[in-house]
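Novice: Make a model of the complete structure from these sequences and hints.
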Amino acid sequence: MRKLFLCLLFLAIGTAQTFAQVRTVTGKVTDEKGAGLSGVTVTAVGRDAKALTNNDGNFSIQVNDQVKTVRFTYVGYESVDVSIAGKSTIDVSMNASNAGLDEVVVVGYTTQKKREATGSIVSVKGSAIANMPVQSFEASLAGRAAGVQITVPNGVLNNPPVFRVRGTNSINLSSQPLIIIDGVPSFQGDVSQNSAANNPLASINPNDIESIDILKDASAAAIYGSRAANGVVMITTKRGKSGAAKVSYDVTLGQTEAYGLWDVLNAEQYMTIKNEGLTNAGITNQKFNPSLDANGKMIDTRWIDYVYRKGFQQTHTLSISGGSAQTKYFMSAGYTNQEGMLIANDFDRKTLRMNVDHNPNKVIGLGATFNYSNEFNKAPNTGSLPGQAFATAGLGRIPLITAPNVGPYNNDGSYNVNSSGLIGVMNNQTGQVGFYNPVPIVALNKFSSENNRINSNLYMTVKPLSWITLKTQYGIDYLNTDNQTFLTPVHGDGFPRGGATSTLAKYRRWVWTNTANFDQKIGDDHTFNLLVGNEQQRTISDGFGLTRQDISDPFYSDIQGGWLTPNPAGLFRGENYFLSNFAQFRYDFRKKYFVSASARRDEYSAFGPGNKQGDFWGASAAWDVTRENFWASAGIDKIFSSFKLRGSYGTVGNIAGIGDFVSLSLYGSGLYGALGTLGFSQAGNANLKWETSKKTDIGLNFGILNDKVTFDVTYYNNDIDGLILGVPQAPSRGIPGNSINDNVGTMFNRGFEFTVNATPIRTKEFTWNTNFNLTTNDNEVTSLVPGGAQEFTTGTAGLEVASITRVGAPIGSLFVVQTAGVNPENGRRIFVNKAGRQIQYTHVVATGQSRWTYLDGTTAPAVSGADAILFGRSTPKYFGGWDNTFRYKNFDLNVMLTYQAGFFVYNGTKAGLRDNRFWNSSTEVMTRWLKPGDKTEIPRVVFGDNVSNGSAFAQSQNVEKGDFMKLRNLTLGYTLPADLVQKAKISNVRAYISGQNLAILTNYTGPDPEVSTNGAGNTNQGIDRNSVANARTILFGLRIDF
Amino acid sequence: MKQIKHSLLALVVTTGCLMSCQKDNWLNPQLTTAISDATAFDTRDRVAQQINGLYASVKSGLYLGSRYIVYNDIRGEDYNNLRTNGVTGLQTWNHTLVASTNEVANVWGAAYSAINQANVFLEGMAGKGNTVVGSALAANYNGEARFIRAMCYYDLLQLYARPYWDGNGSKPGLPLRLKANKSSGDNDLVRSTVQQVYDQILQDLDFAEQNLPASYADALTSTTRVHKNTAIALKVRVNLSMRRYAQAITEANKIVPTAAPFRAATGVAHELQANIRTVFTTFTTTESIFSLPFTANNLPGTQNSLCFYFGPAPAGGSEYPLISTGILGRPEFRADDKRRTDLLVTSTGNTWVNKYPTGPVNTDYAPIIRYSEVLLSLAEAIARTTSGVDARALALLNAVHVRSQPTAFTAAGFANNQAFIDAILMERRIEFMGEGRRSPDLLRLGLPIPGKANVPTISTTQAEYIWPIPDGEILNNKLMTQN
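As they're listed, the protein sequences go chains D and Z.
First residue of the first sequence? That's 6 in the working numbering, and the numbers climb one at a time after it.
First residue of the second sequence? That's 561 in the working numbering, and the numbers climb one at a time after it.
Hints in this document: simulated from the structure, not taken from any laboratory.
Hints may contain errors.
What the hints assert, rightly or not - In silico lysine-lysine, PhoX-like type, Cα no more than 25 Å apart, as pairs:
#, chain 1, residue 1, chain 2, residue 2
1, D, Lys-988, D, Lys-894
2, D, Lys-118, D, Lys-367
3, D, Lys-936, D, Lys-292
4, D, Lys-476, Z, Lys-583
5, D, Lys-333, D, Lys-990
6, D, Lys-769, D, Lys-33
7, D, Lys-617, Z, Lys-583
8, Z, Lys-583, D, Lys-511
9, D, Lys-92, D, Lys-73
10, Z, Lys-1038, Z, Lys-731
11, Z, Lys-1038, D, Lys-839
12, D, Lys-243, D, Lys-468
Unchecked claim - Here are some, though not all, of the chain Z residues that point toward chain D, as calculated from beta-carbon distances under 10 Å:
#, residue
13, Gln-582
14, Ala-598
15, Gln-609
16, Pro-920
17, Lys-1038
Said to hold, decoys possible - What the simulated footprint calls covered on chain D by chain Z, stretch by stretch (three residues with Cβ under 8 Å from a Cβ of chain Z suffice, anywhere in the stretch; the number is not a length):
#, region
18, 422–428
19, 543–557
20, 661–675
21, 679–693
22, 741–747
This structure is a prediction, so every number in the text was calculated from the model and none was measured.
C-beta atoms are modelled at their ideal positions from N, C-alpha and C, and glycine is treated no differently.
Specialist: Next up, the structure:
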């Protein structure tokens, strides 16, 4: 692979060198006040030559005959093109730009000037998220846009981030936004069928992204109708620009490791605590004893060292772009190989992209986008993906709770495992000291999920008249996912039979879009734009596979080896189809009053006859007050350099995650012994429809100090009704799954967004650009099943309940039994039961006594999960980011802070680390209660006690505030002086070092409060249960432009 | 250029037309991997497969495939719990079940799911299926469905309702669902009394006896699908639970001759195998009146096999060995008893029921009714309706006993009628270890559930004597009452 890059590199350099240089143009660049501007990029248009102005604003650039124009660009200033015909000296004055308001945003099927947009749209430049140590682009979006909340669930590579736009907008369906890549809705979620997380959004090389536009309100998103309720994210990849071939090479090399790992007891402490527990429990036939290694030293194993590592990563992107006036191209090849912080967790991606646009004349335009990617995801059973939290092989928990006084190997070099399939106890006199030995399972088990994906489209535009554009685009997204699992018979989940599962899942989608766009101006006052369109999207998915058990010889390590049983696995088949018509109308009067309306009619195959069709719409208006005469005459323009009011309302839908055949009642097949069966398997609901979001948005954008500082304040409100819930059926009715889907629930999300963009300092040598954003979110479930239960709980990995969704409260609130510390008199954990009474617990009592007593010693009823209370919200009430870019001469520094606040995290891992069974504990357990009067959070240790700590049911002692601020990214770059690199025929070289997650400010005691054991689940967020930590990455990067 | 434009336009138009013809098909896709409820009864094959489906639904690992059998055994006094695992029956074993415990909801759900499958089937047969398959086959099929419904209700009564003797069937029984449920609504249904549920069970079984075939073409089918004698055998069990001994005798007499050799005279020729071990190695002998099959392609699933619960690792899960204070330590369970020597195994210091040795690929059949049960039930029914030691009852007891332990019981060996009955009951306990008969026997006899290890004895009046009704039923069936 690397060789290929080198070849391409040489090829590219060779190409660049064939252009000879002819003459020199010099001059000076100044600002509005005449002061010289340094660091301005001077580009010979049509050629690749570039130069930078020096401290006084002077520049010198070499150009050839073909160059007619020189372009001056500078951050925060409007760019200027100057003809150089017959000139050898040119002086230029540059004006400060209006803080990006002239940028163009993608508004669905068209683009619009950001200044004129009436909907709520936020844009992130591709450059902001390029070269980050992540697998998929959205992981880098945290804090970069108001209203957008990204939570990286944990440090497992390519585990899809929780992606929310303005809160959690569904209960049972997906709350992740619709993601559209170059006009084709992408596959989303974790497409893996085993422990190797596989987020298909990682198919896009983030370095290929030109821009990300996030449509937040109904007005902006309504053009995507039935799929717009969670917001729409438009990804536009880079395209070529006229000019000589521009070759760029990006490389990063980095190292990643876990941070914030728990401190657990060493062997000595472990034996002290456990033996004390045995004594306190009155158990005399068990004892925890030291074991000696081959050198006669006491075994003291740091299990974390056998699970975590320092991972190396490298990323390369080579791109070539350019073109003539008629034909433009962008090509790139990318390769990344990332080792995770966990042993055996790797991510490997190869991408090839080619985007071409061809305009033979003013009427016709043709173009294509082609992207092939291969991603290989490999991971052990991390116990950190949704549903895995209590997996006995889960690496989130194993290194924490396995006894430190046993080792991974016996002294003869064999694995320390016993015949029951557990880690061996060595010299301990007890039945169990851990679940699995992590060393053989990490070494011998294999999980991988590999994607081969083609994401491409072809388009043609025809402009029969200058104001009419007809466009047809056909796009495909073909994704094949190959999942491989091998479980060793030696130890772990495969013991003693071994097992292998291989499945292939194929997802095929095509989208055909036809639009007509009419752009008219009547006089200078009236500007109209009308878009009408038709779109069809068809998706076919099918999967099959094999699962085999009972290995015939431990020699085999693949499914193709010798096995005794063959069984089918991963069988599925689905198809769905959208048929849509849509229109969007925009009008403005003198760029002062703006109105816009969109409507979309979707027909969707999954719904029953008569319910397939849905109508969605949004409307908005804006008023640019600065264009009013009174504004200037009243002198308000001295304060506000810009001032725009806008508002929108509309209704959009959500169907993400609904089954393809949800409306049908079905009979499914199976086996009875050797015979085929048929049985009633699905009670469909032919009346089912989309979930509906009614969204209101009111915003104000204004700027002061000549727009050196701009503000955006927005209020949003989303009333969701017709939420699809499984209406519970009495189990005695025997309905498959005991529930039938129906449109019944309601919920709202509302809040404010604040964004400040500013350039506080701009001098010749030093600039500081800053963006701060804050979003607030109020969420409340307002109704569930009519006449049914007004609340329901959601478990973590089907075992522990710590989440409740209740009418009148935020979705997925934490639901735990209250604890009230430890009784200093006797060291017993005090609980508060449903009646508000304090009840203490001790695990072992004399015959006839009760484990549960009131504080006065009288017998009390047992406390259980039934005493849980709604503790608080699990999703952040406040979140955002603060992005700063400093430039000093050739140095640049980016400091990106993200924060979330106003929520609680259930630290279930801590419950395990306070468990009094054989489990190892966190070092805080050393502060346990020992004698009357001791004031501590840790009760008297009693061996076997799994109640006082929170293992038996979730408790408030393990709930903590999740508020945090993170130094998400810190990048220090240095651009080599232009005159220096140009001697090497290179136009630009920038080297940088970058750190991800370098620091975190929080009171949370787990590794990281930015965590989601249940992934993107809506009703069980804010849970940290046995997940691996997050990773910190340091990168060295280099970008070379030829 | 113009030509290109035109041909491109033509292409777009043609493609557009082709696609528009497809649109209706795409908007109304036909699922090719499952069968619509509109056509499920359209062919004889589909109806036949639905019959198999009914058996498959009771074979669920949560129900008769393993767990129901396991729970009914481990509630009793004969097993220890090694794993203290909440998801593998710990709370059933130590009687700490609550309405939210998994198995409380799972057994209820699996049995009622099978009941609804039977009801959906009966409705579909009445609507179309009877005509499709013809009246002879239709009668058989309807008989099978009603047998399955009756069996499910009977099994549910054994855990979720007070025994029949308590108030003579007047205690709350089960919501009696007899109509097909295929869509929303109809959640609320009051509990029928125990008596009413038993009445329905017997009505279904009488129908089944009349309509089921006498036998099937091969031994496998005769074991894995129900026939006349299966209905009779289940009626013996049901009547015994109701303490209707005369009726139990009447039913049993249909398939048990008055004197040895005991072999069913009509229908499938049920008889005891010479060696009890044979029953657990050859699953389709005539002793197995009804068993549920497993194959390498149709396995019970993780933590759902009898082997997993009763067997030691590596074949099983080392969950429930026999405890020394239980049957294992009883003098009546003699050292030379074949059920000890051939059907128990010792591993890692524990003794395990070895009736389901095949593992880790668990292909042992789940036994539902064996002929030896009919014999012992008949013996008990006779003993309870006669005085002293009835000769035929003694012969029946000895038929079961002597094949495993050579010392026959003699009339003189019993002090009185009660001692004789006790011997029959002890024989049942030994004979059906690992077959889920213990808890139903304790309950029908009105005996406390004896304690074991640190688990206390449960008296007949304690709430723990039966299972609670699952939360989900209480919550969603407004007319439901908790036990």
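Novice: Hint by hint, note whether the structure agrees.
Specialist: Evaluation of the provided hints:
Annotation: proposed proximity of D:Lys-988 to D:Lys-894 holds, straight-line Cα distance about 20 Å (limit 25 Å). For the hint linking D:Lys-118 to D:Lys-367, the alpha-carbon distance of about 22 Å falls within 25 Å, and the restraint holds. This hinted pair checks out: D:Lys-936 and D:Lys-292 have alpha carbons roughly 23 Å apart, not beyond 25 Å. Of the supplied pair hints, the one linking D:Lys-476 and Z:Lys-583 holds, its CA atoms being roughly 21 Å apart against a limit of 25 Å.
Between D:Lys-333 and D:Lys-990 the CA atoms are separated by roughly 23 Å; this keeps the pair inside 25 Å, and the hint holds. A C-alpha spacing of about 13 Å is found between D:Lys-769 and D:Lys-33, which places the hinted pair at or below 25 Å, so the restraint holds. Under the criterion of a C-alpha separation no larger than 25 Å, the hint pairing D:Lys-617 with Z:Lys-583 is consistent with the structure, at around 13 Å. Proximity of Z:Lys-583 to D:Lys-511 is assessed by CA-CA distance (about 22 Å); at most 25 Å being required, the pair is judged to hold.
Only pairs whose Cα atoms come within 25 Å are accepted, and D:Lys-92 paired with D:Lys-73 is accepted, the gap being roughly 10 Å. Between the alpha carbons of Z:Lys-1038 and Z:Lys-731 the distance comes to roughly 19 Å, so the proposed pair stays at or under 25 Å and holds. Proposed proximity of Z:Lys-1038 and D:Lys-839 is supported: the alpha carbons are some 24 Å apart, at most 25 Å. The suggested pairing of D:Lys-243 with D:Lys-468 holds, with an alpha-carbon distance near 23 Å, which does not exceed 25 Å.
Interface restraint check for Z:Gln-582: the shortest CB-CB distance to chain D comes to about 9 Å, inside 10 Å, so the restraint holds. Using the Cβ-Cβ criterion of 10 Å, the hint placing Z:Ala-598 at the interface with chain D is satisfied: the shortest such distance is roughly 8 Å. The beta carbon of Z:Gln-609 comes within 4 Å of a beta carbon in chain D, closer than 10 Å, and the hint placing it at the interface holds. Checking Z:Pro-920 against chain D by beta carbon gives a least distance of about 5 Å; that is within 10 Å, so the hint holds.
With 10 Å as the threshold, the beta carbon of Z:Lys-1038 comes within range of chain D, its nearest partner Cβ sitting at about 9 Å, so the hint holds. For the region 422–428 of chain D, the proposed coverage by chain Z is satisfied: 3 residues have a C-beta within less than 8 Å of a C-beta in that chain, meeting the threshold of three. As drawn, the region 543–557 of chain D meets chain Z at 3 residues by the rule of a beta-carbon pair under 8 Å; at three or more, the given contact holds. Counting residues of the region 661–675 of chain D whose CB falls under 8 Å from any CB of chain Z gives 9; the rule of at least 3 is met.
Using a Cβ-Cβ cut-off of 8 Å, 11 residues of the region 679–693 of chain D lie near chain Z, which meets the minimum of three, so the contact claim holds. Counting residues of the region 741–747 of chain D whose beta carbon lies closer than 8 Å to any beta carbon of chain Z gives 4, which reaches the threshold of three, so the coverage claim holds.
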